[in-house]
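Work out the full structure: start from the sequences and follow the hints.
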Amino acid sequence: MQTLIGARPGQAVRPVTASHRRHQISLPDGDALVMHDDQPEGWTPQCGAVLMLHGICGCHAAPYMVRFQRRLGQLGIRTFRLDMRGCGDSAPLCKTITHAGRSEDVVAAIEFIARLIDDADSPIGAVGVSLGGNQLLLTAGRVGNGFHTPPLGWDRVGPILAVAPPLDLQLCSDAMQSARLRFYNWYFIKHLLRRASPQLRSREDYQQMLRLPRPRTLRHFDREFTAPLAGFESEQDYYGQASAAKVIKDINVPTLVVTSDDDPLVPVESFAPVAQHSSDRETGSVRLHVSKGGGHHGYLKRDRTSWSDDLVSAFFKEAFASRA
1007 MQTLIGARPG
1017 QAVRPVTASH
1027 RRHQISLPDG
1037 DALVMHDDQP
1047 EGWTPQCGAV
1057 LMLHGICGCH
1067 AAPYMVRFQR
1077 RLGQLGIRTF
1087 RLDMRGCGDS
1097 APLCKTITHA
1107 GRSEDVVAAI
1117 EFIARLIDDA
1127 DSPIGAVGVS
1137 LGGNQLLLTA
1147 GRVGNGFHTP
1157 PLGWDRVGPI
1167 LAVAPPLDLQ
1177 LCSDAMQSAR
1187 LRFYNWYFIK
1197 HLLRRASPQL
1207 RSREDYQQML
1217 RLPRPRTLRH
1227 FDREFTAPLA
1237 GFESEQDYYG
1247 QASAAKVIKD
1257 INVPTLVVTS
1267 DDDPLVPVES
1277 FAPVAQHSSD
1287 RETGSVRLHV
1297 SKGGGHHGYL
1307 KRDRTSWSDD
1317 LVSAFFKEAF
1327 ASRA
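In the working numbering, each residue carries its 1-based index in the sequence shown increased by 1006.
Derived by calculation from the structure, the hints in this document are not laboratory data.
It should be emphasised that the depicted structure is a prediction, and the values quoted were computed from it without experimental measurement.
For each residue, glycine too, the CB sits at the ideal point set by N, CA and C.
Everything hinted at is true.
Calculated cross-link-like contacts (lysine to any residue; reagent style SDA-like; alpha-carbon spacing at most 25 Å):
# : residue 1 : residue 2
1 : Lys1255   : Ser1179
2 : Lys1298   : Asp1309
3 : Lys1307   : Gly1079
4 : Lys1101   : Glu1117
5 : Lys1252   : Leu1262
6 : Lys1307   : Pro1270
7 : Lys1101   : Asp1211
8 : Lys1307   : Ala1067
9 : Lys1101   : Asp1043
Computed spacing ranges between beta-carbons, pair by pair:
#  : residue 1 : residue 2 : range
10 : Glu1275   : Leu1158   : 32 to 40 Å
11 : Glu1210   : Pro1034   : 20 to 28 Å
12 : Ala1278   : Ser1032   : 32 to 40 Å
13 : Glu1117   : Phe1189   : 34 to 42 Å
14 : Ala1327   : Ala1126   : 15 to 23 Å
15 : Arg1186   : Arg1027   : 38 to 46 Å
16 : Glu1324   : Ala1281   : 20 to 28 Å
17 : Gly1152   : Gly1299   : 38 to 46 Å
18 : Arg1200   : Gly1299   : 25 to 33 Å
19 : Phe1189   : Trp1313   : 20 to 28 Å
20 : Asp1243   : Asn1151   : 15 to 23 Å
21 : Glu1047   : Ser1240   : 48 to 56 Å
22 : Asp1035   : Asp1316   : 33 to 41 Å
23 : Gly1036   : Gln1080   : 35 to 43 Å
Below is the structure:
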């Protein structure tokens, strides 16, 4: 229930900003991302900036994205809300789709911010929710193990916060097979098909996919749509390559991962690699917090506001103050 209530549109608020700009990030394959830059009044590079990544059905205008921006803006922190491929304002600019493994797009966004804020003393934090959380953790791990060359400004990145990330996609897919999650499967598939960009819809391979029986589960959707559209051999290949769980040990940026013990979409046992890494106080840079209750990024307080808003605000306030 917290999962459903926490996602309701009524929780959205207007952004707080003295200056709002839209940036377009060109990608090597011809696609482009749109990033929403909200700069508070009186901001200086030393105040810091936070990159924000949305979930599978989200965009820059998702209620939690706007709430996080508002809370950080009140602290004087500049925010960059990224629309991933095919999402929000990026949709008309993309012929491909976002997915859990799009770490190269996160790298591109970080480099863009670093060039825009050309100050070695300006910290760059990042927060990712659900699928965006996996993308963020995967990026940090792939930079840590050399899969990605450290992007411009990487020495300024940190800390990062991942909220309810599906970091073991196979376990999450297994959980989604449950009959009690039929509604979530229907909701995700309906939204993902509806938001397909005009460029994607014009592709012959996509047209052929639409002629097949409509998927009933997210696993079926990943098999028939996500994997082939993103260049994976199968849904298992996609899950294996794009899951952040396998690179948690390679993360060397201060990181906090937050989940709940009753998340219906992301089984708590999938966080075992994080718990193991978190227990190493000498070398571990990743911490894990498992809340009692909260659903999938519901995290409701008695007044039905989300305590994740408080968490994001306090997390970056403390982190940036310690670097001042």
